[in-house]
Amino acid sequence: MNSIPTLAVKNLYKSFKGTPIIKGVSFEVYQGETKVFIGPSGAGKSTLLKCINQLIIPDQGQVFLNGEEVIHSHSRINFFRQKMGMVFQDFYLFDHLTALQNVEVALLRVKKMHRQKAREKALRELERVGLGDKSHLYPAELSGGQAQRVSIARALAMDPEVMLFDEPTSALDPELTGEVLEVMRLLAQAGMTMVVVTHEMGFASSVADEVLFIEDGKILEKGPPRQIFLQPKEERTKKFLSRISQLYGELNQNHG
Amino acid sequence: MEGLMAVIESLPYILSGISVTLGIVALALAMGFALGVPMAVITIYGNRLVAQIIAGYVWVLRGLPNLVLLFLFYFGIFPLLGWNFSPFTIGAIALGMRSSAYQTEIFRGAIQSLGEGQMFAARSLGMSKIQAIWNIILPQALRISLPGWSNEYPILLTDSAVTYAIGVAEVLTRGSQMVTRTYQPMPIYITCAIIFILLNLGGMRVIHFLEKKARIPGWGRGSET
Numbered sequence: 000m001n002s003i004p005t006l007a008v009k010n011l012y013k014s015f016k017g018t019p020i021i022k023g024v025s026f027e028v029y030q031g032e033t034k035v036f037i038g039p040s041g042a043g044k045s046t047l048l049k050c051i052n053q054l055i056i057p058d059q060g061q062v063f064l065n066g067e068e069v070i071h072s073h074s075r076i077n078f079f080r081q082k083m084g085m086v087f088q089d090f091y092l093f094d095h096l097t098a099l100q101n102v103e104v105a106l107l108r109v110k111k112m113h114r115q116k117a118r119e120k121a122l123r124e125l126e127r128v129g130l131g132d133k134s135h136l137y138p139a140e141l142s143g144g145q146a147q148r149v150s151i152a153r154a155l156a157m158d159p160e161v162m163l164f165d166e167p168t169s170a171l172d173p174e175l176t177g178e179v180l181e182v183m184r185l186l187a188q189a190g191m192t193m194v195v196v197t198h199e200m201g202f203a204s205s206v207a208d209e210v211l212f213i214e215d216g217k218i219l220e221k222g223p224p225r226q227i228f229l230q231p232k233e234e235r236t237k238k239f240l241s242r243i244s245q246l247y248g249e250l251n252q253n254h255g
Numbered sequence: 000m001e002g003l004m005a006v007i008e009s010l011p012y013i014l015s016g017i018s019v020t021l022g023i024v025a026l027a028l029a030m031g032f033a034l035g036v037p038m039a040v041i042t043i044y045g046n047r048l049v050a051q052i053i054a055g056y057v058w059v060l061r062g063l064p065n066l067v068l069l070f071l072f073y074f075g076i077f078p079l080l081g082w083n084f085s086p087f088t089i090g091a092i093a094l095g096m097r098s099s100a101y102q103t104e105i106f107r108g109a110i111q112s113l114g115e116g117q118m119f120a121a122r123s124l125g126m127s128k129i130q131a132i133w134n135i136i137l138p139q140a141l142r143i144s145l146p147g148w149s150n151e152y153p154i155l156l157t158d159s160a161v162t163y164a165i166g167v168a169e170v171l172t173r174g175s176q177m178v179t180r181t182y183q184p185m186p187i188y189i190t191c192a193i194i195f196i197l198l199n200l201g202g203m204r205v206i207h208f209l210e211k212k213a214r215i216p217g218w219g220r221g222s223e224t
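First to last, the sequence lines map onto chains A and B.
First residue of the first sequence: 0, per numbering that gives the first Met the number 0; consecutive thereafter.
First residue of the second sequence: 0, per numbering that gives the first Met the number 0; consecutive thereafter.
Bear in mind the hints are in silico, worked out from the structure with no lab data behind them.
Here the structure is a predicted model, which means the values were calculated and not measured.
One thing to keep in mind: the hints can contain errors.
What the hints assert, rightly or not - Think about it this way: if two alpha-carbon atoms lie no more than 25 Å apart in a straight line, the pair counts; the simulated BS3-like pairs of lysine-lysine are:
1. Lys-237/A / Lys-217/A
2. Lys-128/B / Lys-111/A
3. Lys-128/B / Lys-110/A
4. Lys-128/B / Lys-82/A
5. Lys-212/B / Lys-133/A
6. Lys-49/A / Lys-128/B
7. Lys-133/A / Lys-211/B
Whenever a hint applies, use it, and build me the whole structure from the sequences.
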């Protein structure tokens, strides 16, 4: 394992209009690791992810990608963002472009790739998420699960060092979450470095190298999934997990 | 019978005003578009001070009657600046500026209806703000705004008749000239009215055709998502 973490977040703070949302968060992700953030809504998970690639500019703290500080300057930030693929809860596919064009557009405009090469690469990425045959469809013609897989392909096409997933299945019907989680599982197995915010405890317990429980803008507890799910130390972690299992059903122990 | 004769006598002269009317409308639409799109973009994504200035511009122009703007330009501002423009050009500029105020609002609404997610997604891929606006935001916003934007055509077409007041030789001006020659106001003004209605019909056909062409598959099919 490389001694420099792929992604390091140090002492991050963010407030909105005087209300603190992130209150000093630090963590590191090494190459090939998957870290899963769990926690109640409003805990700041989404904000934290957007602070990492500076879609939201943190008030304080630092983010390092492969040891290099991610600085919000015009010239550098676009370079860093290519290296940090992001998948959003609501997909945010570009509605005026086909699935293929969605994956292709940043290759053409940002990486300035040759048209033919970009097309081939985009097709490969769509095939990787099992949608090679849907490349000509527009977002409105895709199911939610398919749309989210396209958005994963779109981020992967930039050859990111780390992938950030912001509740990728929360906007999906339950029967569609499986296909998205499967793609993410395969990605993790293939050695992608991933930071995932999710309520899917089954996924967290089977894929995560570490689960971090975040509440009220702070990491309250972290550890291997087995420890967090079976022997949580903090009272609030226990409470959250029991609430989640009521909502989403008991954790499938076989996954652990 | 005399009325019919007057119409037949006047028709070629009035019809030759169509190109003037349509010329003013086309120039004003184009000018409104060329100013409206960047002003809408700046209003949402640009410098706050510049956005405020644009908001002021929009507010003033939307509050001015066309005729006031026209007289102000024709008798006031342009002579004062020593600009010797034809009534046609001044009419097109005045209507174009007014349209730009309305078009700014149309495009602003369309961009805002996209939501911030599209910008987030584009920036997360490493696009600059300008790249995101050009490749992602505008192609969608312009399509969304087409139905609202197409309203500008009949508005400008009907408004173009006010350029009569500064002597632009458009359809109404020519009609009025023929009325003073033939003393047949009713048949001639009806002729003018029919010409305007037909121009509106033809223009809307073109616009609806464009709307169909620009439609994104899967969009606007109601409940189906």
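Results for each hint:
1. Lys-237/A / Lys-217/A: holds (16 Å)
2. Lys-128/B / Lys-111/A: Holds - the C-alpha atoms of Lys-111/A and Lys-128/B are around 16 Å apart, at most 25 Å.
3. Lys-128/B / Lys-110/A: holds (15 Å)
4. Lys-128/B / Lys-82/A: Answer holds: Lys-128/B to Lys-82/A is near 17 Å, not above 25 Å.
5. Lys-212/B / Lys-133/A: Since the Cα atoms of Lys-212/B and Lys-133/A sit roughly 22 Å apart, the hinted pair holds (cutoff 25 Å).
6. Lys-49/A / Lys-128/B: Holds: Lys-49/A and Lys-128/B sit about 16 Å apart, inside 25 Å.
7. Lys-133/A / Lys-211/B: Holds. Lys-133/A to Lys-211/B sits at ~24 Å (cutoff 25 Å).
When the structure is compared with the earlier hints, no violation turns up for any of them.
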